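Position chain B against the provided structure of chain A, taking the given hints into account.
Residues per chain, in single letters:
Number of protein chains: 2
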Amino acid sequence: MRKALAIDIGGTKIYNCIVNEKGEIVSDINKHSTPKDLCEIQNLIKDIIKTNEDNVDTIAIATCGAVNNDNTKIIGSTGNIAEGYSSTDFQSMSKKNVFVENDANAAAWAEHIIGASKDAANSVMLTLGTGVGGGIIIDNKLLKGKSGAAGEMHFKLSRDKKRKCTCGSYDCFEIYASGNGLRLTAAEITGNPDITTYDVIEGVNNNNKACKAALRRWMDDIVDGIIGLANIFDPDCVVLSGSMAQFTDTDYITNEVNKYLVTPNTKVVKGSAGNYSGMIGAALLALRVN
Amino acid sequence: MRKALAIDIGGTKIYNCIVNEKGEIVSDINKHSTPKDLCEIQNLIKDIIKTNEDNVDTIAIATCGAVNNDNTKIIGSTGNIAEGYSSTDFQSMSKKNVFVENDANAAAWAEHIIGASKDAANSVMLTLGTGVGGGIIIDNKLLKGKSGAAGEMHFKLSRDKKRKCTCGSYDCFEIYASGNGLRLTAAEITGNPDITTYDVIEGVNNNNKACKAALRRWMDDIVDGIIGLANIFDPDCVVLSGSMAQFTDTDYITNEVNKYLVTPNTKVVKGSAGNYSGMIGAALLALRVN
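Residue numbers (our numbering), protein chains in the order written: chain A, 1 to 290; chain B, 1001 to 1290.
Check each hint, because a few of them may be wrong.
As the list claims (entries may be wrong) - Listed below are the simulated SDA-like cross-link pairs for lysine to any residue, each with C-alpha atoms no more than 25 Å apart in a straight line:
| # | chain 1 | residue 1 | chain 2 | residue 2 |
| --- | --- | --- | --- | --- |
| 1 | B | Lys1161 | A | Ser169 |
| 2 | B | Lys1118 | A | Asn68 |
| 3 | B | Lys1267 | A | Thr166 |
| 4 | B | Lys1259 | A | Ala82 |
| 5 | A | Lys162 | B | Ile1253 |
| 6 | B | Lys1013 | B | Asn1080 |
| 7 | B | Lys1146 | A | Asn140 |
| 8 | B | Lys1161 | A | Glu256 |
| 9 | A | Lys161 | B | Tyr1170 |
| 10 | B | Lys1141 | A | Asp236 |
| 11 | A | Lys73 | B | Asp1139 |
| 12 | B | Lys1267 | A | Ser147 |
| 13 | B | Lys1073 | A | Pro264 |
| 14 | A | Lys161 | B | Glu1188 |
| 15 | B | Lys1161 | A | Asn180 |
| 16 | A | Lys267 | B | Leu1142 |
| 17 | A | Lys46 | A | Ser94 |
| 18 | B | Lys1259 | A | Gly168 |
| 19 | B | Lys1162 | A | Arg216 |
| 20 | A | Lys259 | B | Arg1163 |
| 21 | B | Lys1141 | A | Asn68 |
| 22 | A | Lys162 | B | Lys1164 |
| 23 | B | Lys1267 | A | Ile75 |
| 24 | B | Lys1141 | A | Pro264 |
| 25 | B | Lys1161 | A | Asp220 |
| 26 | A | Lys259 | B | Arg1159 |
| 27 | A | Lys141 | B | Asp1139 |
| 28 | B | Lys1118 | A | Leu142 |
| 29 | B | Lys1259 | A | Thr166 |
| 30 | A | Lys161 | B | Glu1256 |
| 31 | A | Lys259 | B | Gly1084 |
| 32 | B | Lys1118 | B | Ile1025 |
| 33 | B | Lys1146 | A | Asp119 |
| 34 | B | Lys1141 | A | Asp139 |
| 35 | A | Lys164 | B | Asp1160 |
| 36 | A | Lys164 | B | Tyr1252 |
| 37 | A | Lys161 | B | Ile1189 |
| 38 | A | Lys161 | B | Asn1265 |
Think of the hints as simulated: they come from the structure by calculation, not from any bench.
It should be emphasised that the depicted structure is a prediction, and the values quoted were computed from it without experimental measurement.
Extracted from the complex, chain A is given alone in its bound form (with noise of 0.2 Å):
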């Protein structure tokens, strides 16, 4: 069976592991932090590469940042990852196929092939973690866009200007639908600007008013989020995936949504992929072409 070696490149960590066609994942996967120094990141990257290439059909590199139509190379803002990074030559670093796809697309693509969105043509995923990423399929196809950048969840939940988000602008979806997010609301609900996301997620769990009121707070949030996406794009499904997905109740955020809708009834899940979805998407579409 046809295999890639897939990499996941983020401003934090750098993961990579082997994935064959039906998206299994057939070695250990490797962890790095990533490096703060760009010449460093891209050593490492060759590195991996020249390890895996003679193993492997392909090389997948799901990343921050935003990817271009050919799938070659980082157009976008890149996080806080190395200056520089968006023009790194992947193609350069290997003799096999490179194949470049943003993250969260990545993601949204092995839960559509192998995921939660699954038998869905019309599907929108939502990763909520520090921030939060977006990747949407429209008739089996991942959306890109004019440049390849589509699928950017900033969009604004308020108009008081209260929160600035990471864009630089303010109330973006991300600023209330993510880990931050969460943390802002129950800093306002508590009076406790000190409290962090872990702090709401203990008082929950033993029962507290107040966290359990900001968590509350923070799922209206993405509902109304949600409303919005599933009026614009009448998908199947929204998956919910993303290390902060697990503290949401979908039974409840599918039931608020489908209150408000002008479009026919849509379901919210979580995503079931896997921790290394980016890798498996990543991987699933550079076989397709490669």
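Leaving out everything else, chain B in the frame of chain A:
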């Protein structure tokens, strides 16, 4: 050249004309008030079809309400038209093939083929009128979603629950960006609850400070909505059409939007397919398949 009988069915007016496959209107345009009674609406449509069907190749209906993916019937909410309208069996009214599409989708298609988004593979069209309609083109195809209802512009712009939307929820883009939205914004700024949209426009023309502030605030709300849509779709352009579009400053809106995008720049332009773009778009779609 092949031709379609095009009929535009709205809650207030019903229009009909004949459109050729270049998107040119090649007959007079007939205008009727939409009857209150369902039977009278259906009889009027039957009469229009009976009078014209022998002279055309196909029948194209642009209608209020969401239309299914087979383009045969209405599935969604139909606003202020007679109850039961959505059950209308259009095909039974003609011996020619009948093609049905949502009016905003049809207008977006007209802009895509002969109008302001002509050379754009990816575009978002907003019709700014009493309410707000939407039609989205992705990779040169209409976005329809799982059931045909995609493109509804009911996403939240606020969390303060001050403005109830026609959809039953609060704070939708529609209730800020529509003519009604401008009226409500002007009422807030001037303190006059009876101010009309017409009064605001007259005030702007007379250099009235409060009316100018209301128009600017209305445009800023449109900007906020477009920022979200452009980050989600990464479109080549955003087209503003409908009766209120003439009061927008698209250079200002483009400039403001591009200040805050995380995706590459887009441009916001006025529609150029004219007041009858719904009929033109429906005809062009019908002539492609029938």
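Consistency of the hints with the structure:
| no. | hint | in the structure |
| --- | --- | --- |
| 1 | Lys1161/B with Ser169/A | 22 Å, holds |
| 2 | Lys1118/B with Asn68/A | 23 Å, holds |
| 3 | Lys1267/B with Thr166/A | 23 Å, holds |
| 4 | Lys1259/B with Ala82/A | 23 Å, holds |
| 5 | Lys162/A with Ile1253/B | 23 Å, holds |
| 6 | Lys1013/B with Asn1080/B | 11 Å, holds |
| 7 | Lys1146/B with Asn140/A | 11 Å, holds |
| 8 | Lys1161/B with Glu256/A | 16 Å, holds |
| 9 | Lys161/A with Tyr1170/B | 19 Å, holds |
| 10 | Lys1141/B with Asp236/A | 19 Å, holds |
| 11 | Lys73/A with Asp1139/B | 21 Å, holds |
| 12 | Lys1267/B with Ser147/A | 14 Å, holds |
| 13 | Lys1073/B with Pro264/A | 15 Å, holds |
| 14 | Lys161/A with Glu1188/B | 19 Å, holds |
| 15 | Lys1161/B with Asn180/A | 24 Å, holds |
| 16 | Lys267/A with Leu1142/B | 23 Å, holds |
| 17 | Lys46/A with Ser94/A | 8 Å, holds |
| 18 | Lys1259/B with Gly168/A | 9 Å, holds |
| 19 | Lys1162/B with Arg216/A | 21 Å, holds |
| 20 | Lys259/A with Arg1163/B | 18 Å, holds |
| 21 | Lys1141/B with Asn68/A | 20 Å, holds |
| 22 | Lys162/A with Lys1164/B | 22 Å, holds |
| 23 | Lys1267/B with Ile75/A | 19 Å, holds |
| 24 | Lys1141/B with Pro264/A | 21 Å, holds |
| 25 | Lys1161/B with Asp220/A | 13 Å, holds |
| 26 | Lys259/A with Arg1159/B | 17 Å, holds |
| 27 | Lys141/A with Asp1139/B | 11 Å, holds |
| 28 | Lys1118/B with Leu142/A | 23 Å, holds |
| 29 | Lys1259/B with Thr166/A | 14 Å, holds |
| 30 | Lys161/A with Glu1256/B | 16 Å, holds |
| 31 | Lys259/A with Gly1084/B | 22 Å, holds |
| 32 | Lys1118/B with Ile1025/B | 18 Å, holds |
| 33 | Lys1146/B with Asp119/A | 12 Å, holds |
| 34 | Lys1141/B with Asp139/A | 11 Å, holds |
| 35 | Lys164/A with Asp1160/B | 18 Å, holds |
| 36 | Lys164/A with Tyr1252/B | 23 Å, holds |
| 37 | Lys161/A with Ile1189/B | 19 Å, holds |
| 38 | Lys161/A with Asn1265/B | 23 Å, holds |
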